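Trainee: Protein chains in written order, with my numbering: chain A, 296 to 1083; chain B, 19 to 308; chain C, 934 to 1103.
Quick caveat, the hints were computed from the structure, so don't treat them as lab data.
Each hint should be verified, as a subset may be incorrect.
Just so you have them, the derived chain B footprint on chain A, three or more residues with Cβ under 8 Å [stated by the list, open to error]:
{"hint": "1", "segment": "411–421"}
{"hint": "2", "segment": "992–1004"}
{"hint": "3", "segment": "1007–1018"}
{"hint": "4", "segment": "1068–1078"}
Quick partial rundown of chain B residues pointing at chain C, CB under 10 Å, derived from the structure [said to hold, decoys possible]:
{"hint": "5", "residue": "Gly50"}
{"hint": "6", "residue": "Arg116"}
{"hint": "7", "residue": "Leu126"}
Every beta carbon over 12 Å from chain B, so not counted as near; a handful from chain C, in silico [unchecked claim]:
{"hint": "8", "residue": "Glu949"}
{"hint": "9", "residue": "Gly1012"}
{"hint": "10", "residue": "Glu1057"}
{"hint": "11", "residue": "Lys1079"}
{"hint": "12", "residue": "Lys1087"}
These numbers come from a predicted model, not from an experiment.
Idealized CB from N, CA, C, for every residue including glycine.
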Amino acid sequence: MTQAQTPDTVQGIGHSRKRVEDARFLQGRGNFIDDLKLPGMLHLSIVRSPYAHARIKSINTDRAMATPGVLAVITGETLKQFNVHNMPTLMSDTQMVLPVDTVKYQYQEVAGVLATDRYTAADGVAAVDVEYDPLPAVVDPKKALEPGAPKVRDDKPSNQIWHWEWGDEQKTEQAFNQAEVTVAEDIYIPRIHVSSIETCGCVAQWDPVDKHLTLWMTTQAPHAIRTVVALVTAHLGLSEEKIRVISPDIGGGFGGKVPVYPGYVIAVAASIVTGKPVKWIENRTENLAADSFARDYHMHVELAGQTDGTLTALRINTIADHGYTDAAANPSKFPAGLFHICTGSYNLKDAFVEVDGVYTNKPPGGIAYRCSFRVTEAVHAIERMADVMAHTIGMDPAEFRMKNFIKPEQFPYKSALGWEYDSGNYGAALRKAMDMVGYEDLRREQAEKRARGELMGIGISSFTEIVGAGPSKDFDILGIKMFDSCEIRVHPTGKAIARFGTKSQGQAHETTYAQIIAEELGIPSDHIKVEEGDTDTAPYGLGTYASRSTPTAGAAASIASRKIRDKAKKIAAHLLEAAEEDLVWERGKFYVKGSPDRFKTIQDIAFAAYTNHPQGMEAGLEAVDYYDPPNLTYPFGSYICVVDIDRGTGAVKVRRFVAVDDCGVRINPMVVEGQIHGGLAMGFAPALLEEIIYDENGNLLTPNFMDYLLPTAVETPRWETGETVTPSPHHPIGAKGVGESATVGAPAAIANAVVDALWHLGVRNIDIPITPPKVWALLNQYGVAVEE
Amino acid sequence: MIPPPFEYVAPKSISEAVKILDRDTNAKILAGGQSLIPLMRFRLASPTLLIDINRIDGLEYIREEVGWLKIGALTRETHLDRSDLIESRYPLLADTTRMVADPLVRNLATLGGNLAHADPANDHPATMLAYGARVVATSPSGTRVIPIQEFFVGPFESSLEHNELITEIQIPAYQVGSSGAYAKMERKVGDFATAAVAVQIQLDRSGQCTYAGVGLTNVGLMPIKAAAAEQSLVGQVLNDAVIHKAAQLAGEVAEPQSDQRGTEEYKRALVRTLTVRALRTALKRLDRGG
Amino acid sequence: MNTHKITMTVNGQTVEADVEPRMLLVHFLREKLNLTGTHIGCDTTSCGACTVQLNGTPVKSCTVLAVQADGGVVNTVEGLAQNGQYHPIQEGFREMHGLQCGFCTPGMMITAVSLLEQNPDPTEDEIRWGISGNLCRCTGYVNIVKAIQYAGEKMRAQNAVPQANAEVHP
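Sequences are here, hints too, so could you generate the full structure?
Mentor: Laid out in structure tokens, this is it:
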């Protein structure tokens, strides 16, 4: 439990401070992109390909241009004249803005229709006549790697994008050869889509007089966008100091609002050409069909160990379906993200992983679903296989985990794949979860039920997450290092404004960052205004995704506050006519050692910074910090899920779900818990409901919410949450990230529970989503399906 | 997601509405709009004229009269859901209305619209088949009563003439010993059925079944009346063996397609399972004096 | 283009406009009346972000034509607070952390208000059933349920004895 050290009047760390953001949202006064209206604003809508792979024979815009109110139709040919028909991806591949001759995925952008309003734009889109020559589509990445498979990319030698490997292949091979037990499974984690309730969009406003571009945009990383736009449009005369990216209120991001989508670029081009503001807002079908997906990893996972339950080695071979271009928003040195966290919470000596990225005729992406760069895939692999190994040797899965956990005294722990875990106490978290759920009683109940033919399962996921990208020696996005920033300015009346390089999409930064500063300086958090998202005012940062804000910008807030405190001490010494070394800091004030009645508050000091600062010292009281984290942070947890399976329908009912999370120090317990609730729902849904499905011709079968299934309050379980607190030793306030832990850890708990329920029948693995038909097919196969 | 342009009119009477329908073959009725408007937003339906019948008085009512439960065609699902009369005497209908879409859609969606749309995935058609209901339709030439078995003729196709408007749905009135249930398997709230079974039974004082209606949802191109299953129940005491036999027969007449909701084999098994469950629920309700 | 003249009361104010029949109520509110608190989240009447009260009933305004609301009464999130005081539902969402990104919140609150007006003391199951037409991606629904329970308690107390509402926070 993070104990609050500050009083209620200050609301520093540990307070469940009510949210500052709520006032505008509760009154319907949020500033989301589609709320923005500018005088003369035009509307952009996009014509999209019905084919997954096709040559464009012709684009006839006569009918569209004859529609009153339609002003222009922009095609790849239009953009090619300015050489902006293609753009680089974050992984240094190439992505089309608009195609010149071939489309590579169904619903790909083919032309932009510019009109006076969105209704006319829709009519214009329906009136653009495109003739296509369909080509064979490549949909299965394994088939894509076979010799003779149709090529997805004309500009590439094959459908393989890259091969990546990590770890010691020979030593791992030896370990497997020497192992008493080995287990292996093919585990497929299908494509899913983050589906924030707000879709993506922008308003681009080009000022032809000032040659200035303002781009309001659903982006989680406004500065990175500004720099990328500057680089890509430099040849057109745009310049970074005259580009302003504003990320206002964002209705959910989860990684889906990190990439640069063609719609943004077309809108910018349209605004430059017309000199008018241009709005582009995608509808839900476009969002599901064309925007960045996540997962789509075909994994072959092997574990080696001894019959006494000791795990010795891990090997994973993965085929990664990336769509038609590699546009995953990974740090540039890591094409498979942080997948090599897959040794998980266990003291494994040897490991080797390899991933092959593959092109297919699907939209690009790969990591946009609350998952910190492939960590969900990694955790799912190790936690599923831990259960497989435990069951295979006949050991209780909780006991198995306890036996193999990295022990508290082993931290900082260097994993077999090279990560240095900062801190952890895995056994305590699992024990707590077991107590909360009543584990031993449940195992007894399961045995009784099994004897009667009832199918009940208990699944554990004891995950280690890896967040807070990241240290500059290893982490960059397109070359820009992954520091983050905080700039604080204290006003004469003792209030403050703090700006950050991150960008909240619901994570309550306006509330929680102020709490960090309040903790450090004693200024009440209600007196600290927090801003993010405007590149003209905010210090440079890499944005909010992969649970990095608290580890990077949160740390920067702390360090910047301490820089201010250092200057404040000098001013206090001046005011108190004492030596600096005789002053003691007691949250909110400096007092003279031994004479506590001789003090100056931070407010006194702030005022003095402008009215009575020491001669020779600069006026003002402010600081900025660009924080280069020395390491990532490693939040962890143990989740236990209890399921009951309906033998008639195959339906899986989650009876209970206990989640014990450890993210170190909790800045705002209420906010942290809310993040976990939401994360659990986004772990539960892929486990049982969500899947982006294509047929063999690349047609998307789940292009809307009728078939892409988001859970309602009825399906979503009632989460039971608990915590342990193991601070991060290297973070200034001991905090780790937490936003994605639950999404990373939950699917394996649910999958393990279902397999646990059916293991005795012979079931070893079920790929998520674990739908009733899938379960029923197994029940039927093993002769235990009933019809009542 | 913007509909194409169309004309709009909101008549105040049934006769005005059907006159307009008669005149214009490209006109469509707008009742709840919860099926029609989404189709128009996707430009899958493009009527050039919408006839909004929501201003016509006297089309929303629920009353028992002369051996029939009579429901006005414009009666909203929520209204059906909240009716004590339906809850206590027509449990099959009560179950069904609650399974239509979600609570917000149910505030506007109408019973008449659900039937007129004739989507085999809609919930009410199978239920009306199980009840042996009748549909009252009005045209400029007058009114006719269509037995439900003659109402559905194809996917999204009813036997209504273009110039006919459903005005009332009639369900045989409750009698002591009648009960029913709707068992629907859906992937989540708001989804169409993977499969669903509607069951309406009447038992006499000795516990023998004197009427059985069994309707199947979304396991064929049209809602299906499981006649053989029905016949196997009539004249019987509904014990386990009889119930399973009926379920078997219901499964045999289902014509499910394999799709994202499940394989043909799975859906057929579901029909059997849901038939058993619906019958058992209906019987339990009778035991409780319902 | 053919337009119809429509009149309606929105959040207590009378409004008049000329609209195409195809104009959806949600676009009418957002674009003609600048009431952008009601949001659009999907194409298939699934997500409920567009929920408003029409003639006292919560409906998905993306699946209602503006012309259908002619002569009617519409209430949106902007009309919840009265005289600078939060509606109990707004207070509940704030106190119980029932929102994160805020995008589904207006629709969720409108549904919740109607739910509580219809059923002043709902069970948790009834609340979850009642909001099953509103999707949220951020909260996992736990705190939304708590927010609605909080509001229900407050509204029941108010109906017993009239009380001052919470201040709207700036």
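Trainee: For this structure, which hints from the list above don't hold up?
Mentor: none
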